[in-house]
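From just these sequences and the hints, can you work out the full model?
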Amino acid sequence: MNQLQRPGGTQRISTDLIAELTKYCDITAIVLEGKDIQYPLPESVTLHKLSDIDEESSRVKKALNTVQKIRRVTQIIKELQPDTVLSFLPRSNIANILGRRYSKVNYRCVIVEHNFNSINYEKSLTGRLFLAQLKRLY
1 MNQLQRPGGT QRISTDLIAE LTKYCDITAI VLEGKDIQYP LPESVTLHKL SDIDEESSRV
61 KKALNTVQKI RRVTQIIKEL QPDTVLSFLP RSNIANILGR RYSKVNYRCV IVEHNFNSIN
121 YEKSLTGRLF LAQLKRLY
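The numbering of the sequence shown is my numbering, which starts it at 1 and goes up by one.
Read the hints as simulated data drawn from the structure, not as lab findings. C-beta: ideal position from N, C-alpha, C; glycine also. All the given hints hold, so there is nothing to weed out.
Below, a list of computed lysine-lysine pairs in the DSSO-like style, where the Cα atoms sit at most 27 Å apart:
#, residue 1, residue 2
1, K78, K135
2, K78, K61
3, K49, K69
4, K135, K69
5, K35, K69
6, K23, K78
7, K104, K62
8, K135, K61
9, K62, K35
10, K62, K135
11, K49, K62
Pair by pair, the computed Cβ-Cβ distance ranges are:
#, residue 1, residue 2, range
12, Y102, L21, 22 to 28 Å
13, S51, A19, 20 to 26 Å
14, Q68, K104, 15 to 21 Å
15, K23, A132, 38 to 44 Å
16, E79, K23, 21 to 27 Å
17, L129, P40, 31 to 37 Å
18, A63, R101, 14 to 20 Å
19, V112, D26, 16 to 22 Å
20, I13, S58, 30 to 36 Å
21, R101, L64, 17 to 23 Å
Written out as structure tokens, the structure reads:
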């Protein structure tokens, strides 16, 4: 997940889904951003917060931090050897797709998109570049 610190619909859906899935399987959650969690997770869930990677405001730093986070996600996937990885929102979807590619772990890669990416990213040059990358990966 991108983050769980905002009280958004995707965050609520993902935490509800995690709570339900813990009845049937072991769950590990990876959160890319934020130190606080708005919606609590069940105690049985192993949580990896990647917010220790510096959250800089410049676009270049954010891009470099995203690369670091994708590397960390890939390492976690290699260690855990999951059957399925489910991700929500663009950056976590990218981390899921690239994590599968670079970890060489053969798992079901399930991505869920809750945004209107064409609306959210078409206004700026960096947004359009990000949207092009999404289309290429999806």
